[in-house]
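Engineer: Here the protein sequences line up with chains A and B, keeping their order. Under this note's numbering, read the first sequence as residues 1 to 417, first letter to last. Under this note's numbering, read the second sequence as residues 1 to 375, first letter to last.
Hints are supplied without guarantee of correctness; some may be wrong.
[Stated by the list, open to error] Using 30 angstroms as the maximum straight-line C-alpha spacing, the simulated BS3-like pairs for lysine-lysine come out as follows:
#1 Lys-74(A) / Lys-264(A)
#2 Lys-279(B) / Lys-149(A)
#3 Lys-45(A) / Lys-74(A)
#4 Lys-167(A) / Lys-45(A)
#5 Lys-27(B) / Lys-330(A)
#6 Lys-395(A) / Lys-179(B)
#7 Lys-279(B) / Lys-297(A)
#8 Lys-279(B) / Lys-27(B)
It should be emphasised that the hints constitute simulated quantities derived from the structure, not laboratory data.
Now for the letters of each chain:
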Amino acid sequence: MEHTESAVRAACRAWLEAHWDPNRGLIEWRNILIDSGWGAPAWPKRWHGLDLPTGLVPVVEEEMARIGAVGVAKAGIRVLASATILAHGSDMQKEKFLRRSMTGEDTWCQLFSEPGSGSDVAGAVTRADMRGNHWVVNGQKVWTTSAHKADWGLLLARTDWDQRKHKGLSYFILDMKQQGVTVQPLRQMNGHASFNQVFITDALVPPEMLVANVGDGWEVTTTTLMHERRGADGLRSWAQASDRPEHIYQEERAEIATVMEPYKWYPQRAGRVDLLMPRAIETGAIDDPVVRQELAKLLIMAKSAEWTARRARAAQEQGRPQGPEGSLGKLAASHIARAAARLHTTMAGANALLTGPDSPLGGLIAEILVSVPATSIAGGTDEIQRNIIAERVLKMPREPSIDSDRPFRDVPRNTVR
Amino acid sequence: MKFSFSAEQDEFRGNLRRLLAERVPTKEVRRLMETAAGWEREGWRQLDGTLGLSAIAIPEEFGGYGFGFGELCIVLEEMGRALVPAPYLATSLAARAILHVGSAADRTALLPGIASGVTIATLASAEDAGNWEAEATTLTATSGGDGWRLDGHKSFVLDGHIADLILVLARAPGSAGAKGVSLFAVEAGAAGFTWQALAVMDPTRKLARLTFDGVAARLIGTAGEAAAPYRRTMTEAAVALANEMVGGAERLREDALAYAMMRMQFGRTIASFQSMKHKQADMLLEVELAKSAAYYAAAAIDEGDDDAEAVASLAKAGAADAYVQTAIHAIQIHGGIGFTWDNDTHLWFKRAKSSEVLFGDGQHHREIMMRNWAA
Numbered sequence: 001m002e003h004t005e006s007a008v009r010a011a012c013r014a015w016l017e018a019h020w021d022p023n024r025g026l027i028e029w030r031n032i033l034i035d036s037g038w039g040a041p042a043w044p045k046r047w048h049g050l051d052l053p054t055g056l057v058p059v060v061e062e063e064m065a066r067i068g069a070v071g072v073a074k075a076g077i078r079v080l081a082s083a084t085i086l087a088h089g090s091d092m093q094k095e096k097f098l099r100r101s102m103t104g105e106d107t108w109c110q111l112f113s114e115p116g117s118g119s120d121v122a123g124a125v126t127r128a129d130m131r132g133n134h135w136v137v138n139g140q141k142v143w144t145t146s147a148h149k150a151d152w153g154l155l156l157a158r159t160d161w162d163q164r165k166h167k168g169l170s171y172f173i174l175d176m177k178q179q180g181v182t183v184q185p186l187r188q189m190n191g192h193a194s195f196n197q198v199f200i201t202d203a204l205v206p207p208e209m210l211v212a213n214v215g216d217g218w219e220v221t222t223t224t225l226m227h228e229r230r231g232a233d234g235l236r237s238w239a240q241a242s243d244r245p246e247h248i249y250q251e252e253r254a255e256i257a258t259v260m261e262p263y264k265w266y267p268q269r270a271g272r273v274d275l276l277m278p279r280a281i282e283t284g285a286i287d288d289p290v291v292r293q294e295l296a297k298l299l300i301m302a303k304s305a306e307w308t309a310r311r312a313r314a315a316q317e318q319g320r321p322q323g324p325e326g327s328l329g330k331l332a333a334s335h336i337a338r339a340a341a342r343l344h345t346t347m348a349g350a351n352a353l354l355t356g357p358d359s360p361l362g363g364l365i366a367e368i369l370v371s372v373p374a375t376s377i378a379g380g381t382d383e384i385q386r387n388i389i390a391e392r393v394l395k396m397p398r399e400p401s402i403d404s405d406r407p408f409r410d411v412p413r414n415t416v417r
Numbered sequence: 001m002k003f004s005f006s007a008e009q010d011e012f013r014g015n016l017r018r019l020l021a022e023r024v025p026t027k028e029v030r031r032l033m034e035t036a037a038g039w040e041r042e043g044w045r046q047l048d049g050t051l052g053l054s055a056i057a058i059p060e061e062f063g064g065y066g067f068g069f070g071e072l073c074i075v076l077e078e079m080g081r082a083l084v085p086a087p088y089l090a091t092s093l094a095a096r097a098i099l100h101v102g103s104a105a106d107r108t109a110l111l112p113g114i115a116s117g118v119t120i121a122t123l124a125s126a127e128d129a130g131n132w133e134a135e136a137t138t139l140t141a142t143s144g145g146d147g148w149r150l151d152g153h154k155s156f157v158l159d160g161h162i163a164d165l166i167l168v169l170a171r172a173p174g175s176a177g178a179k180g181v182s183l184f185a186v187e188a189g190a191a192g193f194t195w196q197a198l199a200v201m202d203p204t205r206k207l208a209r210l211t212f213d214g215v216a217a218r219l220i221g222t223a224g225e226a227a228a229p230y231r232r233t234m235t236e237a238a239v240a241l242a243n244e245m246v247g248g249a250e251r252l253r254e255d256a257l258a259y260a261m262m263r264m265q266f267g268r269t270i271a272s273f274q275s276m277k278h279k280q281a282d283m284l285l286e287v288e289l290a291k292s293a294a295y296y297a298a299a300a301i302d303e304g305d306d307d308a309e310a311v312a313s314l315a316k317a318g319a320a321d322a323y324v325q326t327a328i329h330a331i332q333i334h335g336g337i338g339f340t341w342d343n344d345t346h347l348w349f350k351r352a353k354s355s356e357v358l359f360g361d362g363q364h365h366r367e368i369m370m371r372n373w374a375a
C-alpha cells in the first residue's frame, strides 16, 4: 500500500467492507482489527500497526466512521500506557500489554503525583527498593483517575536517593490487584470523587516490569506526559458513542460510560460558556448594560482562543513549525473559565447562594461555581504554564535550580507522607 | 474559513517588513512626527511605489492589483508594527467607501488616482461629538441649480490636513437617523473648505477638524442611500485598525522582551525573574489572541461572512484592549527609562491609546457584538 491518501483510503475501505460486522463481540472484533493493523495504523508493523505516517491516520478514522466500525479502546490512561510502552518498553512488555490495552481488557492508571510533589513531579518520594529478586514499593500517590478500576499502574518511584533528583527515578508497571495497594476515593471541593489516593505498602514489582533502565524514570515519564498533553483536547471527541442498536455498540457504550464517569463535571469546570447567552436571555440579564459588556468581553476571549487553536492546528496540518499560538490554550482556558463563573454568579443573583436540585438549572450553575477552580490547576497550574511559555516559547532564562545539584537525599522537601 | 497565510502572503509580509525597517526606522518616525504635516509626500510616494501598497486592494479594473482585504490587513499590520506615519489607513478607507457607496462612474473617476498613489484621500464622518455612525451626521448637503453644496463641520478626520480628496458623510436638511444620509467627494482646494490640525496626543497619527461653508461637492452613489454601505465600510475600518493594532502590540511585546533579556539588576537579567516571565507569558497570550481575532475578521470580510459586523467589532475591541495592556506592561518592564521621551515605548503607547478610541471605543464595539448576537 502506497502512503497516499487515496491508496490508504481505498485499502482501509476494502478491508472494512470485507470484515466489519456489528454482530461480533467487542473484544472479538477488536482482536480482528488489531491483527489487520488498522486498529493502530501509525504503529510499527511488528507491533499491530502499518507504519502509516500520522498525517494519514485521520483518513483511517474517517473510513471507520463512514462504515460505523468500532475502533480499538482509546479511552483513559491506556493510550498513555501504550504510547509509553511502545516507546520505551521491552518486547516482553509490548507482547503482554499492547494488545490487551487496545482490546479494552486491561485498564490503566497513572501513579505520578504525590501529596508532596504536585507541580514538581520529579520530586517524587515513593520509593522502590530491590529486595531479594523483587522491587518493593512504598509510598503514596494522589489524583489518580480510575485507580479503583485499574489492572495496572504506570508508577514513578525513587530508586536511588544518592543521585540527583531527576536521575534517581525509575519507571515501573505496577500490578494494582495485589495486597499492599490500597485505593481510596479523594473527595473534591465540588463533592465529586473522580480521583483516588493510592497507598502503597510493600507492594511487589518483578524486575521485568521495570520500563527502560534504572534511573531512566524521568525520561520515560516525560514521554507519558507529552502524550497526555497532546491528548487533552481529544477527551470529549472520543467520548461519543454510537446509539445504534447492535450488540457491539451497546458494549462500547457501557465501556465509554464507565471511563467517562469521572469526567462528567469537566464541562462545568471549563465554565460552560455555551450557557451564558441562553442564561442571559432567560434571566433577563441581557438587558443589563454591565452584563452585556462583561458577556461581550468573555466572548471576545473565548472566540479568540478558539481561533488561536484553529491557527495552531492549521499550521500543524500544513507541516509548518508551530508558532507560540500552540502553547497558550490552557492558560486562555483558565481565564475564560473564571470569567464565565463570575458572569454565571452575576446572572444567578441571590440564587447563587444555593446548590442542589432547587438551585438554578438543577444545581448545574452551582456545580460550575465550585468546579472552575480546578481549571487553573489540573494538568499543570497556570503558574507552571507561564513558566513553560516564558522558557520554551520566549526563551527567557530558566528558573534557578537549587535542588538539582546535590543528592536528592539532601534536598529540602515536604514531610507529608 | 482559512486560518493560515499562504506562502506568497508570508513572502510579501517579509519583504514589506524589511522595507519598512530599512526606510522607516524609529528615528525616521520621530523626525516625521515632529513636522506639522507628520508626513512627507515625496518620501511616502517612493515608499508606496516600491511595493505598490496603495494599489493592493483596489480592483484591477480601476488600476489596482485586485488583492483581497486580507492583503490590505497584512500591510496595515506591518505599518502598525513599524509605526509608519503615513496616510495609508485614511486613503484605504476612503477607497473602501468609494467601492461600497459609489457608482461605477464614481469608482472609475476616483479609484485610479488612489491606486496610483497620487491621490491622498480620507473619510470624514465623525463630527465634534466623536461618533462615527452615519446616524450621528449633522453636516448638511443641499442640492441646487449648480449641484450639491455642503455646510457644517467634521472632526477627528484622519490626515484631514493633507488629504487631496475628502469623502464626506452628509444628510439632507430635515432628515434624521439613517435616512437621508449621502456620501460626497470634496477636493481639498474647493472654495469654502478649511481645515485645522487638531493638537493630538498621538503625534504619529494626525487628525484634523474640517469646516465646510457652502462647499461644492460630488455626490457618490445614490442620494440618501449611503448609510448601509457606509456601515459596511466602518465594519472594514474596525478590522483594518484591529490588524494595525496587533502589529504594534506584537512589536511592543518583542521590544519589551528584548529589553528584559538585556537589562541587569541584582546581578542578573530582569528576564530571569519569575514576575517578568509571567508578565511576558500573559502579554504573549493577549497579543496572540488579538492576532487570531484580527486575522479571522479579515478573512470574514473577504469571505462575505454574515457575521462580519460582530466579528469586526470583536477584533477591534480585543485588539484595543490587548494593545493598551501590552503598552502598559511594556512601559512597566522598561522601568524609569520607559517613562522618558527618549525611550521609544511611548510612541507605541500613544498609538495604542489613539487606536483604542478611533472608530469607537471598546464599549461601543462590544455593544455592537451584543446587538448582533443577543438577538
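Engineer: Determine for every hint whether it applies to the structure shown.
Structural biologist: Going down the list of hints, with the structure as the test:
1. For the proposed pair Lys-74(A) and Lys-264(A), the alpha carbon gap of about 17 angstroms is at most 30 angstroms, so the pair holds.
2. Proposed proximity of Lys-279(B) and Lys-149(A) is contradicted: the alpha carbons are some 42 angstroms apart, above 30 angstroms.
3. Restraint check for Lys-45(A) and Lys-74(A): the C-alpha separation of about 19 angstroms stays at or below 30 angstroms, so the hint holds.
4. The suggested pairing of Lys-167(A) with Lys-45(A) is violated, with an alpha-carbon distance near 33 angstroms, which exceeds 30 angstroms.
5. A C-alpha spacing of about 40 angstroms is found between Lys-27(B) and Lys-330(A), which places the hinted pair above 30 angstroms, so the restraint is violated.
6. Between Lys-395(A) and Lys-179(B), the direct Cα distance comes to roughly 56 angstroms. Violation of the 30 angstroms bound is thereby established for this hinted pair.
7. Restraint check for Lys-279(B) and Lys-297(A): satisfied, since their Cα atoms lie roughly 21 angstroms apart, inside the 30 angstroms limit.
8. As the CA atoms of Lys-279(B) and Lys-27(B) are separated by approximately 28 angstroms, the hinted pair is consistent with the 30 angstroms bound.
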